[in-house]
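Line by line, the protein sequences are chains A and B. Take 427 as the starting number for the first sequence in the working numbering and just add one per residue. Take 427 as the starting number for the second sequence in the working numbering and just add one per residue.
Accuracy of the hints is not assured; some may be wrong.
Since copy identity is lost for identical chains, a pair holds within one copy or between any two.
[Stated by the list, open to error] With a straight-line cut-off of 27 Å between C-alpha atoms, the simulated DSS-like cross-links for lysine-lysine are: (1) Lys-506 <-> Lys-578; (2) Lys-515 <-> Lys-578; (3) Lys-450 <-> Lys-515; (4) Lys-474 <-> Lys-515; (5) Lys-447 <-> Lys-539; (6) Lys-631 <-> Lys-503.
Hint data in this document are derived by calculation from the structure and do not stem from the laboratory.
There are 2 protein chains.
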Amino acid sequence: MIISNCINQKHYYKALEELIKKVKNIVTLSAEAEAYLYSIAQEISVSKGSILIREGQTVDKIYFVTHGCLRSYCTDKNGKEHTLQFAIKNWWISDYIAIHNDEAATLTVECLKDSTVIEFNAQEINGILYQYPEYEPFQRFILERHVVSLHKRILNQLQLTATERYDLFLVQYPDIEQYTRNYHIASYLGITQESLSRIRVDIAKS
Amino acid sequence: MIISNCINQKHYYKALEELIKKVKNIVTLSAEAEAYLYSIAQEISVSKGSILIREGQTVDKIYFVTHGCLRSYCTDKNGKEHTLQFAIKNWWISDYIAIHNDEAATLTVECLKDSTVIEFNAQEINGILYQYPEYEPFQRFILERHVVSLHKRILNQLQLTATERYDLFLVQYPDIEQYTRNYHIASYLGITQESLSRIRVDIAKS
DNA sequence: TAGTTTTCTTACCATAGGTCATTTTTTTCC
DNA sequence: GGAAAAAAATGACCTATGGTAAGAAAACTA
Numbered sequence: 427m428i429i430s431n432c433i434n435q436k437h438y439y440k441a442l443e444e445l446i447k448k449v450k451n452i453v454t455l456s457a458e459a460e461a462y463l464y465s466i467a468q469e470i471s472v473s474k475g476s477i478l479i480r481e482g483q484t485v486d487k488i489y490f491v492t493h494g495c496l497r498s499y500c501t502d503k504n505g506k507e508h509t510l511q512f513a514i515k516n517w518w519i520s521d522y523i524a525i526h527n528d529e530a531a532t533l534t535v536e537c538l539k540d541s542t543v544i545e546f547n548a549q550e551i552n553g554i555l556y557q558y559p560e561y562e563p564f565q566r567f568i569l570e571r572h573v574v575s576l577h578k579r580i581l582n583q584l585q586l587t588a589t590e591r592y593d594l595f596l597v598q599y600p601d602i603e604q605y606t607r608n609y610h611i612a613s614y615l616g617i618t619q620e621s622l623s624r625i626r627v628d629i630a631k632s
Numbered sequence: 427m428i429i430s431n432c433i434n435q436k437h438y439y440k441a442l443e444e445l446i447k448k449v450k451n452i453v454t455l456s457a458e459a460e461a462y463l464y465s466i467a468q469e470i471s472v473s474k475g476s477i478l479i480r481e482g483q484t485v486d487k488i489y490f491v492t493h494g495c496l497r498s499y500c501t502d503k504n505g506k507e508h509t510l511q512f513a514i515k516n517w518w519i520s521d522y523i524a525i526h527n528d529e530a531a532t533l534t535v536e537c538l539k540d541s542t543v544i545e546f547n548a549q550e551i552n553g554i555l556y557q558y559p560e561y562e563p564f565q566r567f568i569l570e571r572h573v574v575s576l577h578k579r580i581l582n583q584l585q586l587t588a589t590e591r592y593d594l595f596l597v598q599y600p601d602i603e604q605y606t607r608n609y610h611i612a613s614y615l616g617i618t619q620e621s622l623s624r625i626r627v628d629i630a631k632s
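Please work from the sequences and hints to get the whole structure.
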């Protein structure tokens with residue numbers, strides 16, 4: 427494993443090192459497995475507005491956000507966007523529907539502010555799972571956590587009003603409003619940006 | 427492994443055998459791992475109306491439905507129920523939020539028609555993953571599929587009208603209306619039973 | 001099978017949130 | 001720094017869905 431002196435590379439090394447530390451909190455990693463992880467990971471600086479995954483195209487990348495903020499969304503038949511996920515530091519993001527079903531992307535993954543992500547190839551992630559099964563429990567942990575957060579999101583959507591969902595959103599993503607447009611948040615909450623604007627007025631009043 | 431002559435047990439053996447066949451479609455299972463699976467699985471006949479997991483109580487069971495229909499739901503502060511999941515043949519159901527976070531159940535799992543399920547203890551499932559890591563890819567497959575179905579559900583909730591969601595529901599669960607009350611379906615779709623009733627009238631008209 | 005309970009339907013009115021058009025504010029970028 | 005573009009706020013009006021209540025139908029259960 428060669429660590430160059432280039433600043434970008436150093437940064438990469440550090441971000442990935444942190445991720446590997448997280449992996450090691452969950453599983454015991456052999457030196458080979460760790461080296462493999464280093465070999466397949468690639469740090470990327472992504473500037474605001476970049477599209478990492480585009481609807482309709484082939485997907486084979488999974489991103490781990492080390493800094494910044496991305497979001498995934500789909501576009502409906504009327505051209506309206508619906509945000510599935512915001513990914514901030516330490517979150518994974520991709521189009522899992524497309525990857526799991528081996529289909530073209532139905533989601534777009536967009537960068538909301540200049541960010542740094544670690545890019546993995548989905549097949550290479552499968553490769554580590556295949557070659558170094560000791561990695562499996564980490565992947566399982568990530569997936570379980572993801573399922574739990576999706577369950578909570580669905581339950582919130584079913585039982586809370588738009589205002590309650592927004593309040594909760596602010597708690598869950600305290601700093602995100604700096605990076606997002608109102609319509610990003612509205613489309614995550616399942617309301618229009620006009621409604622969100624009115625909700626904010628009501629909150630300010632009280 | 428002893429197979430008794432008791433009808434119930436025979437039935438159990440067959441249902442579990444089918445599940446193990448599914449496992450083997452994904453992973454190669456050693457004889458020991460298979461035996462362990464047999465040893466921790468327990469077939470249960472559940473009659474309509476039974477509660478398998480109750481809100482507020484400790485959860486350590488995960489159920490695989492081999493026949494029948496269950497649902498999981500939470501109850502909000504106004505006493506209104508919100509259905510998180512219907513589980514029909516070949517689906518897993520539990521309170522994953524509680525299990526993952528090691529908390530008391532926030533969900534109730536209820537049996538909607540006389541059913542047969544294979545009951546697993548969450549710790550014993552962890553046991554098989556720990557002792558027989560060859561089982562991991564199966565668990566991962568289940569989790570990935572679950573994530574994908576939750577992503578789709580959220581996107582549907584964000585972009586479809588109540589009528590469209592109901593139409594889709596009928597496609598996804600074609601026979602379920604035999605087992606469920608209208609308010610079960612309504613609370614899954616995020617509408618009131620009265621609204622669902624009106625939607626059905628509209629559909630019948632057209 | 002009759003009686004009881006639960007569920008479903010329907011009519012009426014209420015309301016959260018949507019739509020559209022316009023103005024104001026903020027951001028972008030030369 | 002200032003013009004142009006994008007986003008946010010606002011207001012008037014609209015619609016999908018909710019709430020309530022009562023009667024009809026269906027499902028239990030004794």
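Here is what the structure says about each hint:
For the identical chains of this complex, Lys-506 and Lys-578 are neighbours both inside a copy (24 Å) and across copies (16 Å), given an alpha-carbon limit of 27 Å. In this homomeric assembly, Lys-515 and Lys-578 come within 27 Å of each other (Cα to Cα) both inside a single copy, at 20 Å, and across copies, at 24 Å. Taking the shortest Cα distances, Lys-450 and Lys-515 sit within 27 Å of each other inside one copy (18 Å), while across copies they are farther apart (37 Å). For the identical chains of this complex, Lys-474 and Lys-515 are intra-copy neighbours only, at 15 Å inside a copy versus 46 Å across copies, given an alpha-carbon limit of 27 Å.
With identical chains, the CA atoms of Lys-447 and Lys-539 are at most 27 Å apart within one copy only, with a shortest distance of 26 Å there and 47 Å across copies. For a Cα distance limit of 27 Å, the shortest separation of Lys-631 from Lys-503 across copies, 25 Å, qualifies, whereas the shortest one inside one copy, 36 Å, does not.
The earlier numbered hints are all upheld by this structure, with none contradicted.
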